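S.K.: Sequence:
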Amino acid sequence: MKIKYEITALQRIYLGKSANRKIRRIYNRIPAIIYGNNKKNLPISIETNLLNNIIEYKYFLNSIIKINIKNNIETVLVLFIQYHSIKTFILHIDFIRITENTQLKLNIPFKFINIDTCKGIKEGGIIKILKKNIEITCFPKYIIYYLEININNLNLGENIKITDIKLPKGVNLIKKQDNIIITIINKKKIDKID
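Note that full-length UniProt numbering has the sequence shown beginning at 1, numbered continuously upward.
Mixed in with the good hints, there may be bad ones.
Claimed, not checked - No more than 25 angstroms apart at the CA atoms, straight line, and that leaves these computed lysine to any residue pairs for SDA-like:
no., residue 1, residue 2
1, Lys131, Lys70
2, Lys87, Tyr57
3, Lys70, Tyr5
These are computed hints drawn from the structure, not numbers from a lab.
These numbers were taken from a predicted model, which means no experiment stands behind them.
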């Protein structure tokens, strides 16, 4: 497994809204929970500054994390992050346990490369991105953080569909689809509409 982060956490004894509020305000920690894999739920807390630093990483949500709770190691993925509705800080985070045999379902972003050398743009076109990510399944050893799409040879009026993408070994689509991901449209046609 490709472990991306190692985090130290503390087990929480007190649960509920008021206990979570106290953890955030007084102890400067974020309440979290680890569950899954037919084991007992494990309420934990993580240092706020530590989590805020790593959560800024673009592909954090698809990263395998090793959490150390007093030498009890849990290998997890982020399942859900709850943010404050107004102030944008993290209220709570849910992790799910994984093993090497866990079939993962991930939402992977596309990374478009060679935009500056794209033939269609040089012909006066503009990029229109219709899909920013895709749902895949894979085992942890095949985990990817993004799918690279080379648009260098994309001409004006052409597009790239999901079926045009060659997926890496061990990575499969959750559902077969033929959606357009990116297209190069004629700027002159847009100007006429405006």
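S.K.: Enumerate the violated hints, using their earlier numbering and listing them in ascending order.
M.R.: Hint 1 is the one this structure does not satisfy, whereas the remaining hints hold.
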